[in-house]
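These protein sequence lines are chains A and B, in that order. Quick note on my numbering: the first sequence kicks off at 395 and runs consecutively. Quick note on my numbering: the second sequence kicks off at 73 and runs consecutively.
Take the hints with a grain of salt, since some may be wrong.
[Stated by the list, open to error] Taking lysine-lysine and the PhoX-like style, the derived pairs with C-alpha atoms no more than 20 Å apart in a straight line are:
no.	chain 1	residue 1	chain 2	residue 2
1	A	Lys541	A	Lys505
2	A	Lys587	B	Lys362
3	A	Lys587	A	Lys640
4	A	Lys505	B	Lys368
5	B	Lys359	A	Lys414
6	A	Lys541	A	Lys587
7	B	Lys362	A	Lys414
[Said to hold, decoys possible] Beta-carbon label-pair distances, calculated as ranges:
no.	chain 1	residue 1	chain 2	residue 2	range
8	A	Glu529	B	Ser92	23 to 33 Å
9	B	Arg274	A	Glu550	48 to 58 Å
10	B	Trp125	A	Gly474	37 to 47 Å
11	B	Arg363	A	Arg585	37 to 47 Å
12	A	Gly445	B	Leu130	49 to 59 Å
13	B	Val309	A	Thr536	54 to 64 Å
Because the hints were derived from the structure by calculation, they are not lab data. Heads up, the beta-carbon is just placed ideally off N, CA and C, and yes, glycines get one too.
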Amino acid sequence: MYENIRTAVVVSEVTKQFRKHNGFFHLRRRKDAAPSTVVAVDRVSFQVERGEIFGILGPNGSGKSTLVRLIATLLLPDSGQVTVFGHDVVREEMAVRRLINRVSVEASFFKKLSAMENLLYGARLYGLDGRQARERALHILTRLGLKRDEVFQPMEEMSRGMQQKVAIARAFLTQPVLLLLDEPTTGLDPRSKREVQTFVRELRDNHDATILLTTHDMQEADALCDRVAIIDGGRIVALDTPTALKARVGRTNGHDVTLEDVFMELTGKKLRVEEEE
Amino acid sequence: MSKKQNAVYDNPYRIQRKRSAIGDMQHALIRTWRASYAFVERNFNLVRRYWGWEVVWLAYSIANTLSITYIGAGMEAISGVQVDTHYLILYLLIGTMVWRFLAIIFDNISEMIAWERWEGTIEYTLMAPITRLTHMMGQTAFAVAYSLLFTLVILGVVVLFFQLDLSGANLWGATVVLLSGSFSFIGLGIVASVLPLLFPERGAQMTNVLQAVFLLISGVYYPVEVLPAWIQPLARVSPATFVLEGMRAAILRGVSTASLWPYLWPALLAGVVSIPLGLTVFHQAEKYAKRTGKLKRDG
Chain A
395 MYENIRTAVV VSEVTKQFRK HNGFFHLRRR KDAAPSTVVA VDRVSFQVER
445 GEIFGILGPN GSGKSTLVRL IATLLLPDSG QVTVFGHDVV REEMAVRRLI
495 NRVSVEASFF KKLSAMENLL YGARLYGLDG RQARERALHI LTRLGLKRDE
545 VFQPMEEMSR GMQQKVAIAR AFLTQPVLLL LDEPTTGLDP RSKREVQTFV
595 RELRDNHDAT ILLTTHDMQE ADALCDRVAI IDGGRIVALD TPTALKARVG
645 RTNGHDVTLE DVFMELTGKK LRVEEEE
Chain B
73 MSKKQNAVYD NPYRIQRKRS AIGDMQHALI RTWRASYAFV ERNFNLVRRY
123 WGWEVVWLAY SIANTLSITY IGAGMEAISG VQVDTHYLIL YLLIGTMVWR
173 FLAIIFDNIS EMIAWERWEG TIEYTLMAPI TRLTHMMGQT AFAVAYSLLF
223 TLVILGVVVL FFQLDLSGAN LWGATVVLLS GSFSFIGLGI VASVLPLLFP
273 ERGAQMTNVL QAVFLLISGV YYPVEVLPAW IQPLARVSPA TFVLEGMRAA
323 ILRGVSTASL WPYLWPALLA GVVSIPLGLT VFHQAEKYAK RTGKLKRDG
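For reference, chain A alone in the conformation it holds in the complex:
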C-alpha cells in the first residue's frame, strides 16, 4: 500500500500561531489590550522523501516541536496542509497515526510503572499482542543498553538518560513508517547518544523507516541527517544537505565550517546563546 509512495511527508505553507492567554473565561486586564499571539510556525514548506533522515535544526522556541506536533496530529494548522504518505493529518488523522510514532524531548511515562509495563501499554495501543510486545520490548531495551533487571524497575528510579532510551524503545516498538524524533538525545551522555544514533540509522537502513529529527545539536544533525532544514522564528531559512549548507559559508579562521557557522551566517545569531536564554 505504501511501498509505491516515495514522498513521506509534505508540509505545504503551514502556519500555526498561539494566543497567549488561557481558558474560555479569561478576562483582559485592559479593555483595549488585544490578546497577544505568538507565531510558532510561519508559512513553512518542505518535503521529506521516503527512507530519508531529515533534520530540523534550530534554537529553543524556533518552532521545531510545533512542527512535529502538527505532523503527529497533536495540533491543527491554522493554514496550509500537512500530509503523511498521502494522508492529510487533519482529515485522515487515524490513517496518519497508524504510520507514525514520536519521541518527545521530555520522556513522558507513568513514573511508577516499569519500563516493560509502559512499553506494553504503548504496544497494545498500536494493536500488538502481549507476548510479541514483551519479546520485542526486551530485545530493543537490551539493544539500547538497559540491563534485564532495569527493564522491570519503576521509571522514577531511572536516570534521565535511561528514561529517554525507554522513550525511544517505545517508539521503535511499533515499527513506525515515519518516526518523529523531537530532540531524542537531549540529556544523554556521549556514549548513550552514539548508541541511539546508531539505532536510528539501523532503523532507517533495515526497517524501511523515514526519520524526521529535530535537534539543536549540530554535530548530531551533521552526522545523522541526509538533509537539514534550519529554522528560526518559525521560518525555514535554509534547506539542503549538511555538506551543501556548509559550502555556503567560506572557510572560517582556523577551523572547518560547522552547521553552527551556517546558522550564524544565515540568522546573525548564535545557536548556543539562544538555547541558554
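Given chain A, work out where chain B should sit, using these hints.
For chain B alone, kept in the frame of chain A given last:
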C-alpha cells in the same frame, strides 16, 4: 524476500496480506480489544504500584461510610423520639454505598485526562491510532470493575458492625438498578473529563464541583422531597436519584425486579443519552485543545 521487505510486515498496520472483508473486520476487532485492554492493564498496574494510596483511600472510605451509617444508629439518642433504627441505618447505608459506587466510576473516568496530564503521557495516549470509543471502553471497564470491588469490600466491613436483616430485600433487583445507573455516570464522567482537557490547571477541581452538585440534588442521604422546591426539578434530571430510589425500593421494601422498571428506564435513558453526548463533547473539546495547543503537558 529481503530483510528490508520482511521488516515491513512488523508494524501491524503495514501488513499487506490479502484478507476478506470478514477477516478485516475480525482483525480490526482484535486490535480494538487489545487497545481497550491496554487501559485496563495499565490502570490495574497503576493501582498495584500505588497500593499505599489505595489502602489509605479504602480506610478513609470505610470510616466515612461507618460515620454516616452511625447517624442512623444514633438517631433515637439524638432526637429522643422512637424511630425505626434498622430502617434508618439501611437507608443511609444504601445512600453511602450507591454514592461511593457511582462516584468512583465518575472519578475514574473524569480524571483520566487529569492523571495523564499529571504523568505527562496525555499526548502519547491521544496520538495513538485508536478511537475515543475504544479509549473509553477500556477506561470504563476498569472503572466499573474497580468500583464494584471497592464498594463490596466496604460493604463487607460495614456489615460486621451492624446486624442487618436483609431477608426481605430484593438483592438481585438492587444489583440490576445499580448497574443500570452506572451507564449514566460513565457518560457524565466523559463529559466531566473534558474540563481538565480545556482547563489544564483548574479542570480537575471543577469535576469535584460537578460531583458535589449531584450529591446535593440526588437524595443520597435524604428524600429529594425535603429539598427546596426550586431544586427538586433538578433532582428529577439526576440519574442518581432514580438509582437511589430504585435501590431503596428493592432493599427496604423488597419490590420485585419487574416493578423496578419506573426506576430503571430513567437511569438507562440517562446512559443512552449521556454516553454519546459525552463522546461528542469530548471530540469537540479535543479539537479545541489541538487548535489552541492545550494538549501539551504544561497547557
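**Report entry** Pair hint Lys587/A and Lys362/B, alpha-carbon separation not exceeding 20 Å
**Finding:** 32 Å, violated
Report task. Take the C-beta atom of Arg274/B and the C-beta atom of Glu550/A, compute their distance, and say whether it sits inside 48 to 58 Å. Result -> At roughly 26 Å between Cβ atoms, Glu550/A and Arg274/B fall outside 48 to 58 Å, so the hint is violated.
Query - Assessment of proposed distance window 37 to 47 Å (beta carbons of Trp125/B, Gly474/A) - result: At 46 Å between Cβs, range holds.
Requested in this report: Compare the distance between the alpha carbons of Lys541/A and Lys505/A with 20 Å, and conclude whether the hinted pair is satisfied.
Outcome: OK: Lys541/A and Lys505/A at ~18 Å, within 20 Å.
Query raised in the report: Are Glu529/A and Ser92/B spaced within 23 to 33 Å by their CB atoms?
Result: At roughly 29 Å between Cβ atoms, Ser92/B and Glu529/A fall inside 23 to 33 Å, so the hint holds.
Query raised in the report: Is the hinted pair Lys359/B and Lys414/A satisfied, with a Cα-Cα distance of at most 20 Å?
Result: Holds, at about 18 Å.
Query raised in the report: Is Lys541/A within 20 Å of Lys587/A, Cα to Cα?
Result: Holds: Lys541/A and Lys587/A sit about 17 Å apart, inside 20 Å.
Requested in this report: Measure nothing beyond the straight line between the CA atoms of Lys587/A and Lys640/A; if it is 20 Å or shorter, mark the hint as holding.
Outcome: 23 Å, violated
Report task. Could you grab the alpha-carbon distance between Lys362/B and Lys414/A and see if it respects the 20 Å cut-off? Result -> 15 Å, holds
Query raised in the report: Is the distance from the Cβ of Arg363/B to the Cβ of Arg585/A consistent with 37 to 47 Å?
Result: 42 Å, holds
Query raised in the report: CB of Val309/B to CB of Thr536/A, is that within 54 to 64 Å?
Result: Once the Cβ atoms are compared, 57 Å apart, the range 54 to 64 Å for Thr536/A and Val309/B holds.
Report task. Can you let me know if the beta-carbon spacing of Gly445/A and Leu130/B is within 49 to 59 Å? Result -> 54 Å, holds
Checked against the numbered hints given earlier, this structure breaks hints 2, 3, 9; the rest are met.
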